[in-house]
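J.: Listed below, chain by chain, are the residues.
There are 2 protein chains.
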Amino acid sequence: MKEYIRHINKDFESRARLGIMSVLLVADSADFGFLKEALQLTDGNLASHLRALEDAGYLQVLKQFIGRKPNTRYQVTVQGTAAFRNHMDALERLILTNKHQ
Amino acid sequence: MKEYIRHINKDFESRARLGIMSVLLVADSADFGFLKEALQLTDGNLASHLRALEDAGYLQVLKQFIGRKPNTRYQVTVQGTAAFRNHMDALERLILTNKHQ
Chain C
1 MKEYIRHINK
11 DFESRARLGI
21 MSVLLVADSA
31 DFGFLKEALQ
41 LTDGNLASHL
51 RALEDAGYLQ
61 VLKQFIGRKP
71 NTRYQVTVQG
81 TAAFRNHMDA
91 LERLILTNKH
101 Q
Chain U
102 MKEYIRHINK
112 DFESRARLGI
122 MSVLLVADSA
132 DFGFLKEALQ
142 LTDGNLASHL
152 RALEDAGYLQ
162 VLKQFIGRKP
172 NTRYQVTVQG
182 TAAFRNHMDA
192 LERLILTNKH
202 Q
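Residue numbers (the working numbering), protein chains in the order written: chain C, 1 to 101; chain U, 102 to 202.
Treat the hints loosely; a few may be bogus.
[Stated by the list, open to error] Derived Cβ-Cβ restraints for the label pairs, each shown as a range:
(1) C:Asn-86 x U:Arg-186: 20 to 28 angstroms
(2) U:Leu-163 x C:Phe-32: 45 to 53 angstroms
(3) U:Lys-164 x C:Thr-42: 39 to 47 angstroms
[Stated by the list, open to error] Under the rule of at most 25 angstroms between Cα atoms (straight-line distance), these lysine-lysine pairs were calculated in the BS3-like manner:
(4) U:Lys-103 x C:Lys-36
(5) U:Lys-200 x U:Lys-111
(6) C:Lys-99 x U:Lys-111
(7) U:Lys-103 x C:Lys-10
(8) C:Lys-36 x U:Lys-111
(9) U:Lys-137 x U:Lys-164
(10) U:Lys-137 x C:Lys-2
(11) C:Lys-36 x U:Lys-200
(12) U:Lys-200 x C:Lys-99
(13) C:Lys-10 x U:Lys-200
(14) U:Lys-137 x C:Lys-99
(15) C:Lys-10 x U:Lys-111
(16) C:Lys-2 x U:Lys-111
Hints are computed from structural coordinates only; laboratory data are not their basis.
Glycine residues also receive a C-beta, built at the ideal position from the N, C-alpha and C atoms.
Please work from the sequences and hints to get the whole structure.
T.: Written out as structure tokens, the structure is:
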């Protein structure tokens, strides 16, 4: 298989997951409501993608209180940052390959 | 939803489909065996992705003979080229967004 295709990470291939990673890397951390609004996903769909990314070790969940109100935030792990960077690099090579025709 | 995320095309989001479109745009057209070898997919998996891309109007199937042997080739349509370019542009904006941190 072509090198740049092999490095495309299946954990990130859906638009929802690309969006989650992208928003979290720009925002550093975000809560469920912010992600839902930014990505226009349903609760169930967003929750299932967040769970999958957490299970892969790419996200961590931060539980805290704002005043007395519980607040759950999501943050990309070091491993997630590295994996997403590799994925972006693979996509970039794919794009370059398709520009050089 | 962020503009660059909205333009990511779900028809192209799997690695297999990115690979198919990329190989066909570079090679102009290719037969099943060539795609299978290039992308390391099973017959069933490749056939199902080709069918989906054809149904979306992004690929056309060219049936011809090489000598007496039937040969089926796949080629990207004008519509497919435009749609894939939009997808690549959206991914490029995603990449740039994540580089500017």
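J.: Checking against the hints above, which ones are violated?
T.: none
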